[in-house]
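Peer 1: Chain by chain, the residues:
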Amino acid sequence: EAGVTQSPTHLIKTRGQQATLRCSPISGHTSVYWYQQALGLGLQFLLWYDEGEERNRGNFPPRFSGRQFPNYSSELNVNALELEDSALYLCASSLGLFQETQYFGPGTRLLVL
Amino acid sequence: AQTVTQSQPEMSVQEAETVTLSCTYDTSESDYYLFWYKQPPSRQMILVIRQEAYKQQNATENRFSVNFQKAAKSFSLKISDSQLGDAAMYFCAFLAFGNEKLTFGTGTRLTIIP
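Heads up: the sequence lines are chains A and B, in that order. For the first sequence, this note's numbering gives the first residue as 1, with consecutive numbering after it. For the second sequence, this note's numbering gives the first residue as 1, with consecutive numbering after it.
I should point out that these hints are in silico values taken from the structure, not numbers from a laboratory. It should be emphasised that the depicted structure is a prediction, and the values quoted were computed from it without experimental measurement.
Label pairs and their computed distance ranges (CB to CB):
1) T101/A - P40/B: 16 to 24 Å
2) I46/B - N56/A: 22 to 30 Å
3) A72/B - S86/A: 33 to 41 Å
4) T111/B - A80/A: 35 to 43 Å
5) A80/A - P114/B: 44 to 52 Å
6) Q56/B - F98/A: 16 to 24 Å
7) A80/A - T60/B: 43 to 51 Å
8) R63/B - E53/A: 33 to 41 Å
9) S86/A - T3/B: 22 to 30 Å
10) N79/A - N67/B: 40 to 48 Å
11) G52/A - E61/B: 32 to 40 Å
Covered stretches of chain B, as calculated for chain A (at least 3 residues, CB under 8 Å):
12) 36-48
13) 94-104
Dumping the calculated SDA-like pairs for lysine to any residue here, alpha-carbon to alpha-carbon at most 25 Å:
14) K101/B - G3/A
15) K78/B - I113/B
16) K70/B - S30/B
17) K55/B - G96/A
18) K101/B - S7/A
Think of the CB as a built atom: it goes at the ideal place given N, C-alpha and C, for glycine as much as any other residue.
Starting from the given sequences, assemble the full structure and let the hints guide the process.
Peer 2: As structure tokens, then:
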């Protein structure tokens, strides 16, 4: 069974640009979560989608947004990139509401120059 | 709000020996889950073990076991017969039932000495 996949593995952007990160959950999983792992800040929760709806978001500005598609894959968009957005972005999936175990993908390394 | 504290930034252990990683947490929730994840240099976060707070029995997965002390809000991970492949960053994480948001500790970097 395929795990969570993410693309691209690496992304280089310049300040002010937009970045789009993609995630495909494990087959049968309906919930997708996004986390940011930045140096010095640890792992922080960004967004949670379930059945196409945004269920919860962390303490991040509105320029961090996303969506979940009918096939449960998800996209994270970061607008007006800032240098401090450079981080590893991890996607996780679970079976859905009240299914507590999250399984992670390999991450996308975003570098903002 | 929940907090998770890992007080050991780095640990090392001789191959085949046993090591224990510490984790404490603070919460007012009564129904929650605790996890240990490992993150090797490849960056992929891998689930090691999970514990439901309502279960008194400590979780075990092969060489990995936990010591869950609910009253003390402590959740340590014991790795027996350490192997070179165990070298990684280990994260303790908390999830309140119905919240679906993992709160992570700052991690412990484990080095295995051959």
